[in-house]
Structures are given as structure tokens and as C-alpha cells.
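Undergrad: Respectively, the protein sequence lines represent chains A and B. Quick note, this note's numbering runs 14 ahead of the 1-based positions in the first sequence. Quick note, this note's numbering runs 29 ahead of the 1-based positions in the second sequence.
Worth flagging that the hints you see were computed from the coordinates, not collected in a lab. Cβ atoms here follow ideal geometry from the backbone N, Cα and C, with glycine treated the same way. Check the hints yourself; a few may be wrong.
[Claimed, not checked] Selected chain B positions facing chain A (Cβ under 7 Å, derived; list incomplete):
hint	residue
1	Gly61
2	Asp62
3	Thr64
4	Phe65
5	Asp85
6	Val87
7	Lys88
[Unchecked claim] To give a feel for the contact side, a few chain A residues facing chain B, derived at Cβ under 10 Å:
hint	residue
8	Ile61
9	Gly275
10	Gly352
[Said to hold, decoys possible] Pairwise CB distance ranges, derived in the manner of DEER restraints:
hint	chain 1	residue 1	chain 2	residue 2	range
11	B	Ala107	A	Pro397	29 to 35 Å
12	B	Gln103	A	Ser340	54 to 60 Å
13	B	Gln103	A	Thr290	38 to 44 Å
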Amino acid sequence: MSEIDSFDDEEAVLETQRLPLDLWHRERGGRMVEFAGYWMPVQYEGIIAEHLWTRESAGLFDVSHMGQLEISSEDGDHAAAAKALEALLPGEISALKPGRLRYSLLLDENGGILDDLMVTNRGSTFYLVVNGATKWDDLAHLREHLPDTITLNHLDEHGLLALQGPKAVEALARLGLEPAMADGPQLVDLKFMQAAPYLWGDRPLGISRSGYTGEDGFEISVRGEHIEALATALCEQPQVKPIGLGARDSLRLEAGLPLYGHDLSPDTDPVTAGLTFALSKRRREDGGFLGAERILPLLNDGTATTRVGLVLEGRMAAREGASVWSGEQQVGTVTSGGFSPTLQRPIAMAYVERPCAAENTSLEVEVRGKRLVASVVPMPFVPHRYHR
Amino acid sequence: MTRYFTKDHEWIEVDGDTGTVGITDYAQGQLGDITFVELPAEGASVGKGDAVSVVDSVKAASDVYSPVSGTVDQANAALADEPELVNSDAEKGGWLFRLTLTDPAELDGLMDEAAYKAFVEAL
């Protein structure tokens, strides 16, 4: 037998790097694969078991391959840093309150998506989390476009953990974290898309209530020298098991969240991708970000294709690259797909022509020469359960 | 009955001119959770090394090659509702299909159990 397709072969890299938790994953039975230039655990006990565990309890994900960047103004002018970011992102960064984060997009001149990211207002800096496979290109893009008065710091001495699932809060609370600032919120009082600094003993942690699974949970930025102790302490909690990349992918797919490099690319604009929520109202009116001239007219004119969710009949999964058909007409392409452990059926994201994008439209997906019946459904496939 | 193995991690158990084919326990472990098995049509004529079946796991779809040439007599109908049998019982209840061998001499090129075990340990 041979593997026909798999998601662990992102792109050729010079030499696969080891993250701070490399040995920790191996000791716990993590099966390591190359991903975004790093060795990463694709699974421990099995993707379905890990997936379901995260949905009912709490899963710990090592996402230290992702890029953590900090942006600030040399003279301490925080508003200037916000303005500088607004030239590159379509979100209203200047309206982002301290301790809040939001999803945004790094765009090129043509409105193509260079990356998707989270930006947090840390009070005196903006903290960005970008994708692992794109972080070096992102850094180059930011350095090229940010003014000289803006400092860009790659926090490459920090690792990143995501603790996700309905019991994540219960598990993390057991570590007895203290707010690092006198007026900071208690951990359990953080709401979805809020962030604050905490202390675990004397070890600083940057925590946000966010994630990419559709569940309640946290993302924890931690210095590399403390990450092993933190991961171990979290996995000692009865609610928590380590989870690999495989389940991370199936969880985000069920949550309807696009994966950069698959569902998003420089050939995709935010309107076609169905990410218009990332285009803030003021930015739509005023423009002034890279790609605005291309993107803003699309809000009125519409786009030829759009990103939709598909559920397939039967059990055969359709994956990236599968063609989507309406009768004898090819109307689109699957950008990611797989078997949904929660729904027990195959699901997929696809870009299809607008007339075929309406809910309940019946389409077909071609997999290995067979036509599978598929139906357009709203996303998320599995409801989000964020702590709002 | 004699059992043979391929370098592509299929097994075939031969009884007279009938062979039962599946993937090895090692293979299922590598694939992870199996969610769907596409089986060859009964009556299909297959050649040695042909991709005749697909095992779909949560992470990937993998071709299964026929270890020998023959005519497919039966596909394992239990896998339609219970593809995870290939995980739990790969080398017995999780068999994929049975075929009538057209050229039993092809078996000579396959490994026996000891040789396959050594092959896997060397991977």
C-alpha cells in the first residue's frame, strides 16, 4: 500500500528543526512528522480518540512552530504602531482595546491573503501570532512595509501551547496562576478573545482565551525554558491529554476555520474566502490598507466563487484538490476535507461558483473517479462553544 | 494454508487456489483510524501490483495493491459498516477481499512471516 495524499508534506525545507518539546512528545508516544519545517507530533493514541477527547474534556496542543511577533513604536507611541499595522491589515487595530485580540489577515497589493493571524493589543505593544509555514515570509513582508520607527521583534525564544476543550478552564485554573498586573483579570474571568499576562510561580505567561478548535480554551505563550514544566503540569491534570496535529486539523475543519496554505492563499482574497468579518467597518469606508483597491469593490460587486462547507454522503472522504461538480459542469474545488469524528461522516471546505453556493445546493465531488453526492451546508459544521 | 507478505504491507493467505488479502497490523498502525475502505468489485480481474482497494484513514487515503493476479471472488462486506475492523483485527477479521489466483507462481516473490517481520524491524 502507499499513501496517496497526506497533509504532513507541507513543503521542502532545508533541515527539519526541533522544537523545545520535541523529546517530551517522543517520550509520550507522539508520532513525529515534518510540518512547517519542524518535527511535530501528528498523533499520540489516535486522531479520533484525541479529537473526541478535546471535544469532551481538554487537549493540549504544542503550536510552538507558529510565529510570535511583537510590534511597537520606537518612541512608545502606541497609536502609531496601530496605524502602521492598519496599513497592512484590514482590521481596525486602533479600535482594539488593551487586553483584546482579533483575527486578521496579512494582504498583498492585489488583495491576496499572505497569512491569517491573531493580533492582540498588549497595552504597549501589539502581539501577533502567525502561521509556522509562513512566518519567515511574514517577517520579511512586515520588515519591508513597516516604517523604520516601528520595531518588529520575533519572540523566537517563546513557545506556544493551546489548551482546548470544555474542561480547559477547570484544568488551567488548577495551576493557580496569578494575574501579573494588579488590576488584571482572574484567569477564569477572561472571556473569548481577551488576553492578559499571568504568573505561574515566578514564570511569566501570556494567555488569551482563544484557539482554533471551536471549543473554549486558551493559548499560552511561554518562554522556551519553561514550556516543558508547563506542558507536564497541564498533562498531570486529569482533564488533559496531549493532542497531535491530526486532531488539530480535524477539529478546526469541523469548526469551519480555514487553514492557511490550503483554504487560504495569495490567490484568494478575503471576500471570496468568506472572511468579510475581518474587514472592519471603518476600514471598508476608508480603505488605506494593502490590497484595499482590489478588495473593497468586491464587497459590492461580489466574487465569482466563494468558500462553502460540504457534507458528503457515504463514508469516503474528499480531500484537497477534489473537483466539485454540478451536473456536467465543474463548479469548484475542495480545499480541505476529511472524516468528521464528531458527525461520523465526511465533510469538506470548497470554493464553488456563487450560484452553487446557496445552502442545501446538491453537488457532486469527484474522488478517485467516483462522483460522491454532497450538499452545501453552513459552517461551522459543529457549533462553536466559545466562552463569551 | 500459507501466509505471504508484500513490501507494501499487504498479506495474503493462500488455501489451494484461493487467496485472502488484507493489510498488515503494522500498516494499520501507521495509517491510524480507518474510516472507509473501498473494495474491489466481485468478479473483477486484477493483476499483481494493481491498486485494487483504498484504505481511507483520518489523515490520508492509501492504495492497497493486489499481491498476486487473480479474479476477485468476494469483498469483506463487514467493512462497509465497520471499517475500524481493519484497525482492530487487520490480519484476520479485517481482511479486504478474496480472489482466485491465476498464477500461483507469483507467490514465490513474496515474503514469509519471518522475512516480513525482519523487513518491518529494519524500517
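Undergrad: So, for every hint listed, does it hold in this structure?
TA: Status of the hints after comparison with the structure:
no.	hint	verdict
1	Gly61	holds, 6 Å
2	Asp62	holds, 4 Å
3	Thr64	holds, 4 Å
4	Phe65	holds, 4 Å
5	Asp85	holds, 6 Å
6	Val87	holds, 4 Å
7	Lys88	holds, 5 Å
8	Ile61	holds, 4 Å
9	Gly275	violated, 16 Å
10	Gly352	holds, 6 Å
11	B:Ala107 x A:Pro397: 29 to 35 Å	holds, 34 Å
12	B:Gln103 x A:Ser340: 54 to 60 Å	violated, 37 Å
13	B:Gln103 x A:Thr290: 38 to 44 Å	violated, 53 Å
Checked against the numbered hints above, the structure breaks hints 9, 12 and 13 and satisfies the rest.
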